[in-house]
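Student: Chain residues, written in single-letter form:
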Amino acid sequence: MLQKAVKIGHSSHVATLDVRPQLLDALSALRERVAAARFPLPLPGAPRARANRDELLAQLDDYLVPRLRAPEAPLLAVVGGSTGAGKSTLVNSLVGRQVSEAGVLRPTTRTPVLVCHPEDQHWFSGVRVLPHLTRVWVTRKDGDGRDRAAAAAGGDNDRALRVETADTLPRGLALLDAPDVDSLLADNRVLAAELICAADVWVMVTTASRYADAVPWHLLRTAKEHDATLVTVLDRVPHQVVGEVSRQYGALLTKAGLGEVPRFTVPELPESAGGGGLLPASAVEPLRVWLAHRAQDPSSRRQVIERTAYGVLGSLNARMPELAGAVAAQYAAALRLISAVDDAYEREHARVRDRLRAGAVLAGDALKRWRAYPLDCGPDELLDAISESLEALLLCAVTAADERIDDAWRHEPAARAPGLARREGRYERAPYEDAERPEHRIGVAVRRWRRELEEHAEDEVRALDRVDKGALPDADVVAALLATAVLGGRRARSAGETLAERIGAHGALRLRDRGNRLLADYLDKVLGAERERRLAPLDALDVSPEPQAELIAALSVLQKER
Amino acid sequence: MTAVTAVTGHTDHTGHSDRTDHSDRTGHTDLTDQADRTDDSSRSDDSSCADRAGCEGHVEGRPGEAEAGDSAGPAAHAARAAAGTTGTAGPGEPDESRESGESGGSGDLAGVRAARAARAGQDGENGTRAGHGERAAEVVWDDGLIARRVTPGTAAADADGELRAAMRARAARALEPPAGPVAALPPATGPSSTYTADASSSCTAGSAPSYTAGAASSSLYEGTSSSYNAGSSSSYNAGTSSPYAAGSSSSYSSSSHSGAATSSAHTTVAYEGSLRGRLEALRELIGLSRARLDSATLAEAGQVLDEAAARRRLSDRHTVVALAGATGSGKSTLFNALAGVAISETGVRRPTTAAPIGCSWTDGAAPLLDRLGIPGRLRRRPLQGPDAQALQGLVLVDLPDHDSAADGHREHVDRILGLVDAVIWVVDPEKYADAMLHERYLRPMAGHAEVMFIVLNQMDRLPGDAADLVLDDLRRLLDEDGIALGEHGEPGATVLALSALTGDGVGELRESLGQFTRERGAAARRVEADLDAAAARLRPVYASGVGSASARGAIGLSEEARDEFADRLGEAVGAVAAGQAAERAWRRHANKACSAPWLRLWRWYEAKRFPYHTGKHVVPPPVDKEATARARVEHAVRTVADAAATGLPTPWGQAVREAAARGAQGLPEALDELALRAALPGGRPPRPGWWPVAVLAQAVMTMLQVVGGLWLMGQIVGVSEPNLGVPVLLMVLGIVGGPLVEWASRMAARGPARRYGYEAERRLREAAAGCGRARVLDPVAAELLRYREVREQYVRVAQRG
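The listed protein sequences derive, respectively, from chains D and H. Read in order, the letters of the first sequence correspond to residues 1 to 562 in the numbering used here. Read in order, the letters of the second sequence correspond to residues 1001 to 1801 in the numbering used here.
Hint data in this document are derived by calculation from the structure and do not stem from the laboratory. Nothing false has been slipped in among the hints.
Have a look at the derived ranges for each label pair, beta carbon to beta carbon:
#1 459/D to 1778/H: 44 to 54 Å
#2 545/D to 1296/H: 27 to 37 Å
#3 472/D to 1608/H: 16 to 26 Å
#4 410/D to 1662/H: 17 to 27 Å
#5 1689/H to 513/D: 52 to 62 Å
Which bits of chain H does chain D cover? Going by a derived footprint, with three or more residues having C-beta under 8 Å, they are:
#6 1349-1356
#7 1431-1445
#8 1470-1484
#9 1566-1573
#10 1626-1632
Every residue gets a Cβ at the ideal spot worked out from N, C-alpha and C, and that includes glycine.
Kindly produce the complete structure, drawing on both the sequences and the hints.
Tutor: Put into structure tokens, the structure is as follows:
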């Protein structure tokens, strides 16, 4: 049968999937969208969503796109299963020689091994599938190739894929020995998942003592969800219990709705434990025949490919909305954070305005100065005191807003994102950059405000058309009176009166108007700047609602193209 | 110091009819002893006391229960164990013990117990076995397609709801407190005739009373202090199940059992000094921090206490060991191999064992098994023989698997793992590197290494030297998990390879198990490991986070921070400005009084010309409302609170901030009022004594000028004889002297003016600072003190040995 298969070849005869370029385009667009999805906020669902995205991306890159682009490429059967299930032994036995290292120490397989017919090698040597894995080749002629392969793989620490060729394998079929799905090494687990996602045929290996494990069952259920072409192998079954275990396993599969999945049983033989040996060909013959048939019979090959490919396409219907939902959750969380900031600053803004109206700036030192003015206090001192008081008021508003935000954010898991959590230990980071402190920034703003106020006062004084130049009021005095009148509320009514006496009612009114506007401007500016500062790290995370819509849009385009 | 409590018959409260009698064949003869009655009555006093502490089932009741348990004897143990492991079972327990007290008192033989001799309960400890860390354990398992599988185990529900209902029904029969001879009972433990349903009364039950009861024996009763306050304690029953977390167990010397009396005694677990101290400290720690920390944080620690107390009340002759492992690893086969008979079903069907099965080598283990929730129909006895002799005291529990697709199994496992004294992890060559085993169980339990056996089963499946390779690899993995291996005589987990099927190596396991059981230290070590784990988990809320070493010194308010706070308050009330204004006003007045008349005249003219420049027209200011700068006060409080909270763990920092914020309420108003009172009296400032002299001198100068002028005038007119010298001199003297005097008095006025201003400033500042201290700094300091106290307590909890 093998001979015949080789003679037939496959590419010319194999019916290809009917793939329109539009579908591929839609798929590429979708892939880009998926790749662009980010989950920067540490929400409870974020790690899950990140994993989902990576998984989906891997499956698109490793399987769906290459498969639809090149439907004639060989079938890839990935052998996956728990640690110690005998995956490598199974692959070796299927190939008929030692291509993947088997052993008693777990986890055994750390570098996945791909075995294909020599003429199929070009399909796997490039980056058509599994582009993230570095290829490691072994041009082997004799039995010691394994060691050299190990050496080559050992040098390349990050993820590698060893490609082996064996002419005992029928053309059009490639076997991939994956690491354990429940490996103690997290990387191995991720890699295993990725490899399984790249498969046309999922070969799930389990054993007599493992067939009820939760982990493989989860995989089986996933396979069912994705409607992948699935084969299960019950490995390492002691002779005496073959019947019973097989029956049990069958019952479990049926119960899980996987009753029609082809099931192969491989008995436990000394070879399967011993590491070195291969299982006798008879033990794996049914599986080999099944796989070869899938690879070579055009209709069943087509069926296999279509089933898995469309299964993955179909699974997008569920997975994309999930991803979009996670993106939306990110955005919602970001929105909550932002609104907490906005709310805090708005409330502080309102509070400051109320206080200004009530003349809270003219209190404490400033009030004492004002009461002493003009007998025991100069205009400069008065203006100084008022500026300081205004500074204190603004600083108080900003810190109060920050505190409010901290309170609100404490209950938000999303606020624990690395860039956002800043408040704790702010006094510990000892030599604070001056520009980093709100005191500094507010001080600068208030000084600028004062300068502008003084300029206004000077302008007004200069504009005064007095005959008697000597009777011109001092600009300092005007500025001080203006500041007092603007910031003092009711308690500084006399300041307004004095001002009017000095520069005329009209001028005083105009000046006060300008002063009020100036103050409002600066208030907005200071609080706005602080708010922006607070939001900057959040903005830097760039959480926006668009990706959600884009994901769904890409999905709907894809659905239309199918 | 020996507890001799003989159990005779014990009605099983679990409601399983097939196991009604668990007799501890020890003290039958005591039953009829009259002394029992007296003992009983005194005991029921204790139980009633326990009621007061323990009704409502809150945890604060636990200490009381502990006491009751010791006094009322094993019947109460059974009742308690039957009540399950959840905290909510609390209400039933004291009632149960009371009931037993009643039955005993009335001579009901079916009832229970005969307490004898000296009872050294070594009460007071609320020890515990933890069932925590679940939340921690759940997080690891999330890596995609494959790992989505592991559904986090939920807190195991107790399966004995109906049982508790039954107990409550019994509780309804409230009993009369017996009026037994109670000698030297401290008031707290005195007989209480009513069922006090007052959970909140922090019942200090029996603080180290020693009383003699009855004729037979003096019962030495050791310190039970339960300063467990009410509050959030009801939350303590959260999450019973799950593996425990890090920590490690430590020194323990098995409790002293004295002589003949003990040989037949039913002793309870006694925690050795340091452990006891730590448990005590933990209880106080919880009490101290309840108002500051959320109950969820404390719940786990509370559970440690609960479980330690629950275990302490039970037999120390028994060591409860669970067989845990993956499905198909051969737990049941090993169980059978150890028991010598096939009592647990084995097979190829996966998963095989669905419910835990218990097997006790020695009698009297019923309360322990009750606590595990293993029903009577699943309790077995081993094959009697020399093998069984070696394992005296062992209570073995065969668990279901933890990794099969059947979720219920994992819940069972997680729950029971939290309650047993030791665990034998059974792994096999195929599964020894499973991620689930290591990540979900072994790593979080690394601190429990001393009460852990790891057994590599199914050696027969490995050819030749592969067995050693696998065993070495297993050791390596365990080492990576952080589990100390008990090699070279160091304490740690025991790793063995065996084949339960062929029996290879089982003897070795039996031997080390026997040794382990005979030491009788497992329960205490387990509790210690739990305690370590709880302390480690509480660390972030008690120990300051980053750079704790440097922060430790900085905890509290520094002098600078206090001064800065006072300064800010001073600014808020305007102390500096007030001082300056006062100083200037003083000088102004002085100058005015002492200046030369001509200068005054000129100034007056100036003022007349430019009235705005000097502002003479300003009316005296009205009394200001809200003279204090609100914003400054607020900011000052916030700054000082932040400074005080620096270096504190978040909850405590928050508490400090809240205390400061509370104190700041009304502070501005108080400062307003204060500023009025503290300000210098208005009007003209006081005059110094030299002032009249200066005024006089100024007048003299003027007079001199006038006299000189008149004189000159006289000469010009010819009234007097011409003599230019003297009058000119006089005039010049007057003209020069006037400003001179003015200048001199101005100089002289400087000092007093400054003093005057300073005084004004000081009065305001000090008043403000005093107000701030009383309202803000003191509460903050109190809060800091509280934290320091709690921290010390925590250090006591965390410190081993």
